[in-house]
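Turn these sequences into a full structure, and let the hints guide you.
Below, each chain spelled out in residue letters.
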Amino acid sequence: MHNKFTNFRETETTRKSRPMETKVERQAIKGGEFLIRETLPEEIFIPEEFSEEQKMMAQACQDFIDKEVFPYQDRIDNMEEGFMAGLLTKAGELGLLGVSIPEKYGGLGMSFNTSMLIAEVIGSAGSFSTAQGAQTGIGTLPILYYGTEEQKQKYLPGLASAELKTCYCLSEPDAGSDANSAKTKAVLTEDGKFYSITGQKMWISNGGFADVLLVFAKIEDDKDLSTFILERSFDGITMNEEEKKMGIKGSSTRQIFFNDCKVPVENLLGERGQGFKIALNVLNIGRIKLGVAAIGACKHLIDLSVNYGIERKQFGKSIVEFGAIQHKLAKMATKTYACESASYRAGQDIEDKIDALIKEGMDEQQAKLKGLEEFAIECAIIKVHGSEILDFAVDEGVQIFGGMGYSAEAPMERAYRDARICRIYEGTNEINRLMLVGILIKRAMKGELDVMGKAMAVGKELQSVPSFGNGQGGGLFTKEKETIKNLKKIILMVAGDAVQTLGVAMKDEQEILMNVADMMIEIYLAESTILRTEKLVALHGEEACESQINMSQLYLYEAVDKIAIAAKEALASFSSGDKQKVMLMGLKRFTKTELVNTKKLRRQIARKMIDNKGYAF
Amino acid sequence: MKILVCITNVPDTTSRIAFINNDTEFDKSGIQYVIGPYDDFALARAVELKEELGGTVTALNVGEAYGDPVIRKALAIGADDAIRINSFPKDSFFVAKQIAEVVKKGGYDLVLMGRESSDFNGGQVHGMVGEMVGLPVVSPVMKLDIENGKAKIAREIDGGKEFLEVNLPFIAGCQEPIAEWKIPNMRGIMSARTKPLQVLEPVGDETRISLKKFSLPPEKGEVKMIDEDNVEELVQLLKNEAKVI
Ligand SMILES: Cc1cc2nc3c(=O)[nH]c(=O)nc-3n(C[C@H](O)[C@H](O)[C@H](O)COP(=O)(O)OP(=O)(O)OC[C@H]3O[C@@H](n4cnc5c(N)ncnc54)[C@H](O)[C@@H]3O)c2cc1C
Numbered sequence: 001m002h003n004k005f006t007n008f009r010e011t012e013t014t015r016k017s018r019p020m021e022t023k024v025e026r027q028a029i030k031g032g033e034f035l036i037r038e039t040l041p042e043e044i045f046i047p048e049e050f051s052e053e054q055k056m057m058a059q060a061c062q063d064f065i066d067k068e069v070f071p072y073q074d075r076i077d078n079m080e081e082g083f084m085a086g087l088l089t090k091a092g093e094l095g096l097l098g099v100s101i102p103e104k105y106g107g108l109g110m111s112f113n114t115s116m117l118i119a120e121v122i123g124s125a126g127s128f129s130t131a132q133g134a135q136t137g138i139g140t141l142p143i144l145y146y147g148t149e150e151q152k153q154k155y156l157p158g159l160a161s162a163e164l165k166t167c168y169c170l171s172e173p174d175a176g177s178d179a180n181s182a183k184t185k186a187v188l189t190e191d192g193k194f195y196s197i198t199g200q201k202m203w204i205s206n207g208g209f210a211d212v213l214l215v216f217a218k219i220e221d222d223k224d225l226s227t228f229i230l231e232r233s234f235d236g237i238t239m240n241e242e243e244k245k246m247g248i249k250g251s252s253t254r255q256i257f258f259n260d261c262k263v264p265v266e267n268l269l270g271e272r273g274q275g276f277k278i279a280l281n282v283l284n285i286g287r288i289k290l291g292v293a294a295i296g297a298c299k300h301l302i303d304l305s306v307n308y309g310i311e312r313k314q315f316g317k318s319i320v321e322f323g324a325i326q327h328k329l330a331k332m333a334t335k336t337y338a339c340e341s342a343s344y345r346a347g348q349d350i351e352d353k354i355d356a357l358i359k360e361g362m363d364e365q366q367a368k369l370k371g372l373e374e375f376a377i378e379c380a381i382i383k384v385h386g387s388e389i390l391d392f393a394v395d396e397g398v399q400i401f402g403g404m405g406y407s408a409e410a411p412m413e414r415a416y417r418d419a420r421i422c423r424i425y426e427g428t429n430e431i432n433r434l435m436l437v438g439i440l441i442k443r444a445m446k447g448e449l450d451v452m453g454k455a456m457a458v459g460k461e462l463q464s465v466p467s468f469g470n471g472q473g474g475g476l477f478t479k480e481k482e483t484i485k486n487l488k489k490i491i492l493m494v495a496g497d498a499v500q501t502l503g504v505a506m507k508d509e510q511e512i513l514m515n516v517a518d519m520m521i522e523i524y525l526a527e528s529t530i531l532r533t534e535k536l537v538a539l540h541g542e543e544a545c546e547s548q549i550n551m552s553q554l555y556l557y558e559a560v561d562k563i564a565i566a567a568k569e570a571l572a573s574f575s576s577g578d579k580q581k582v583m584l585m586g587l588k589r590f591t592k593t594e595l596v597n598t599k600k601l602r603r604q605i606a607r608k609m610i611d612n613k614g615y616a617f
Numbered sequence: 001m002k003i004l005v006c007i008t009n010v011p012d013t014t015s016r017i018a019f020i021n022n023d024t025e026f027d028k029s030g031i032q033y034v035i036g037p038y039d040d041f042a043l044a045r046a047v048e049l050k051e052e053l054g055g056t057v058t059a060l061n062v063g064e065a066y067g068d069p070v071i072r073k074a075l076a077i078g079a080d081d082a083i084r085i086n087s088f089p090k091d092s093f094f095v096a097k098q099i100a101e102v103v104k105k106g107g108y109d110l111v112l113m114g115r116e117s118s119d120f121n122g123g124q125v126h127g128m129v130g131e132m133v134g135l136p137v138v139s140p141v142m143k144l145d146i147e148n149g150k151a152k153i154a155r156e157i158d159g160g161k162e163f164l165e166v167n168l169p170f171i172a173g174c175q176e177p178i179a180e181w182k183i184p185n186m187r188g189i190m191s192a193r194t195k196p197l198q199v200l201e202p203v204g205d206e207t208r209i210s211l212k213k214f215s216l217p218p219e220k221g222e223v224k225m226i227d228e229d230n231v232e233e234l235v236q237l238l239k240n241e242a243k244v245i
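For the protein sequence lines, the chains are A and B, in the order given.
Numbering of the first sequence is given in my numbering, commencing with residue 1 and proceeding in unit increments.
Numbering of the second sequence is given in my numbering, commencing with residue 1 and proceeding in unit increments.
Treat the hints as calculated values from the structure; they're not laboratory data.
Treat the hints with caution; some may be incorrect.
[To be verified] Below, a list of computed lysine-lysine pairs in the DSS-like style, where the Cα atoms sit at most 27 Å apart:
1) A:Lys608 - B:Lys28
2) A:Lys317 - B:Lys220
3) B:Lys220 - A:Lys313
4) A:Lys313 - B:Lys224
5) A:Lys613 - B:Lys28
6) B:Lys195 - A:Lys104
7) A:Lys55 - B:Lys195
8) B:Lys195 - A:Lys613
9) A:Lys90 - B:Lys220
10) B:Lys143 - A:Lys67
11) A:Lys588 - A:Lys568
12) A:Lys608 - B:Lys220
13) B:Lys195 - A:Lys90
14) B:Lys143 - A:Lys90
15) B:Lys224 - A:Lys317
16) A:Lys613 - B:Lys220
17) A:Lys67 - B:Lys50
[What the hints assert, rightly or not] Residues on chain B that point at chain A, a partial pick, calculated with CB under 7 Å:
18) Pro69
19) Ile183
20) Ile189
Note that this is a predicted model, so its numbers are computed, not measured.
Each residue gets a CB set at the ideal place from its N, CA and C atoms; glycine is no exception.
Dropping the structure here:
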């Protein structure tokens, strides 16, 4: 079997220098803090640091997909009776469903970043990835994090082994993005022993075969949702036919109706009225996992594109020899590399936070929730970025395949359709963008993040004479790091001034919020990419990391322009006069970069992929 | 049932093959190693037999430390312990000698290995080991069951199928469809790290083959596709261009 997870082979020296093994105490990094703080390469985790054991797990997942999923895509998409449920059972046997469940409940209790790595690999599997995500994420974690001991004992072992399949029932026909407006009702029966649930849910993944249903409903006239654990065998549950969808056709998606469905009171999950919080907190995990899953899908598409491009000859040459195709391949790879850098950086930050909270004496499941909540901004960033680069990659993938890209005979057509859902579920990308800026502003207002102080410092800097000669030293990325600093200043300048100018009215200026979100996303990605490569170069030297260095430069180069555009749009919409002039000048100053020969860099990256017959980083 | 499975580590099939030192040495840099595909079948069957009949599976590798991940994969798949003979596998004779030492001391009921490795494809080790320790050898073995202390073997031969019965202990060179490759499960991977891996020094350094030089196969030439109705053109080309008829 082909071994994929081994880019830089671990040598004795790299193993010894692995910060993970020696457990260097990382500084307690706060969520969202990247915007106001310089991060050092030693402070981030890079995927090249995954241990032999973690790579073996990733390879096992890959082998599973190669063997059990890819050859049967048509049967999966045709929703052959029992096929998907059977796949989940097989995945359960391999332990792929119990990754995040503690050992005492029949799971494996693996670290957060390991579970991310597994989600990445499975991400290339389209419908199966959705089914697996719904089972292990939104369908399992609410019980794990909020369940009573009895509830955990009762359900978790079955969920880990896939003896029990599960689904998460939040969305309704009239409550999608606005999930807390759900109308499904729960009424306590007279004897006080049951809740009677009545209502309708929509878009429920795994609905068709789930044994356990996590249902969000409002108890009596509550303002907020509560969560209930239902079993398929309870009376009063019916469903519509399978939804006919654009993609992930093999994933079961149902409308589910509850008609006076009696649920024992002990099946209330968490506290009354806590449902929306449960929904949101669990979505944090779902989001970052969806982001990494998109990376797995991108890598797969790149492999397909490179190999097709090598085989496909036009005008007497493999089409990968054409610059236009190399340009596409290099862009696909650069975005993927960037997203991967950011995802595992965030994943490790979350893991470290969880560990720190446990050390402080917090209960393990509480610590996980808190750790994820802390990094909600990063989770949203990765969800949005991952889903969008996947759509970019799959679009270019189709283009590289030409007519075959449009044919259902070749894999790109399905991949193109399957990818699209990622921008919609787990919170649409609009909702995620709004949310991540919302959290930033909230934390800034509360003083948890010193955004305002830093923004003021930028304001002062704008009044002063620009200092020249910055970033002149000759070291790798010296200039790029200066650029990163400057880009952060732009965000602080724009966001800070927008908040000051608009006040609470800013929440209605969604376009500006979107601009800020876009800037936040780009800076986190660009910085993570540079940091990862810097760390990698320290381990393996510049020569071995030529492509990574090139990708880091390329990513940043584009990020500068994207941030400049977003900043200009925002500034034009809320500022005016002299103030605007000063900020525009600042923008010019902070986005000053030297021309980069992108053609040369992209050609090198593409060549490396052609030589290695796939994504090679 | 005490089973010994011999595993080689071979370059992953997608590796880029290159030579160094005037083409006298295989360039190992950047190469990823995997369990030899035939050995992987042997290992899978060994684990199944253990599950059916009870007992233990020991994985044996003659190789240097860079192959340890491959050994740990065998442990993850279900071997109970492992032995590595700490030496580069110089040639079939050398490897067979090392295996024979382990077999003599170990008292195994069954010694399984691939019918050949996928790097040098020597296909000789099982035969040599059999000779050295005085045990029967069957290769290739495509189906293997143990009944009443005897091995029942089936394999395809020219024009038919052959069924054999062999007394234990014996040595088998395995190939598909003896079992399906096993994907290690997560729990197996986690437990591999705590299973014993014993490293032993080799016995002697005698070899029977000296390697003079490697060379890559010549590049394939351009392929011309000729329509099946166009036999004349084919004949023309074979005569005038390829000059083979
Ligand atoms: C295949 C599939 C599987 C799914 N699986 C599940 C599941 O297992 N469980 C579950 O509970 N749900 C599931 N969903 C539902 C999914 O989470 C919702 O579709 C999603 O949250 C969007 O809700 P909506 O469809 O009602 O769109 P709407 O909320 O109507 O949104 C329509 C558009 O308006 C935008 N919009 C909405 N509100 C705002 C706002 N305040 N500001 C700016 N723009 C806004 C959205 O971004 C979007 O572009 C699934 C959906 C699909 C398609």
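Structure-based check of all given hints:
At most 27 Å may separate the alpha-carbon atoms for a hinted pair to count; lysine 608 (chain A) and lysine 28 (chain B) meet this at roughly 19 Å. A hinted pair counts as satisfied when its Cα atoms are at most 27 Å apart, and lysine 317 (chain A) with lysine 220 (chain B) qualifies at roughly 16 Å. Annotation: proposed proximity of lysine 220 (chain B) to lysine 313 (chain A) holds, straight-line Cα distance about 16 Å (limit 27 Å). For the given pair, lysine 313 (chain A) sits about 14 Å from lysine 224 (chain B) by alpha-carbon distance, which is consistent with the 27 Å threshold.
Distance restraint check for lysine 613 (chain A) and lysine 28 (chain B): the Cα-Cα separation of roughly 19 Å lies within the 27 Å cut-off, and the hinted pair is therefore satisfied. Pair hint lysine 195 (chain B) plus lysine 104 (chain A) holds up; C-alpha atoms about 22 Å apart against a cutoff of 27 Å. With a C-alpha separation of about 18 Å, the suggested pairing of lysine 55 (chain A) with lysine 195 (chain B) holds against the 27 Å cut-off. Note on lysine 195 (chain B) and lysine 613 (chain A): the hinted pairing is violated, with a Cα-Cα distance of about 36 Å set against a maximum of 27 Å.
A C-alpha spacing of about 42 Å is found between lysine 90 (chain A) and lysine 220 (chain B), which places the hinted pair above 27 Å, so the restraint is violated. Simply put, lysine 143 (chain B) and lysine 67 (chain A) have alpha-carbon atoms about 22 Å apart, close enough for the 27 Å limit, and the pair holds. A hinted pair counts as satisfied when its Cα atoms are at most 27 Å apart, and lysine 588 (chain A) with lysine 568 (chain A) qualifies at roughly 10 Å. Pair hint lysine 608 (chain A) plus lysine 220 (chain B) holds up; C-alpha atoms about 22 Å apart against a cutoff of 27 Å.
Annotation: proposed proximity of lysine 195 (chain B) to lysine 90 (chain A) holds, straight-line Cα distance about 25 Å (limit 27 Å). Distance check on the hinted pair: lysine 143 (chain B) and lysine 90 (chain A) sit about 25 Å apart at the alpha-carbon level, within 27 Å; holds. A threshold of 27 Å between alpha carbons decides the hint, and for lysine 224 (chain B) with lysine 317 (chain A) the separation of about 15 Å falls inside it, so the pair holds. Proximity of lysine 613 (chain A) to lysine 220 (chain B) is assessed by CA-CA distance (about 18 Å); at most 27 Å being required, the pair is judged to hold.
Of the pairs offered as hints, the one joining lysine 67 (chain A) and lysine 50 (chain B) holds, with about 24 Å between alpha carbons and a cut-off of 27 Å not exceeded. Hint on proline 69 (chain B) holds. Least Cβ distance to chain A is approximately 5 Å, under the 7 Å limit. This hint holds: isoleucine 183 (chain B) has a C-beta 5 Å from the nearest C-beta of chain A, less than the 7 Å allowed. Hint status for isoleucine 189 (chain B) relative to chain A: holds, with the closest Cβ pair at about 5 Å, below 7 Å.
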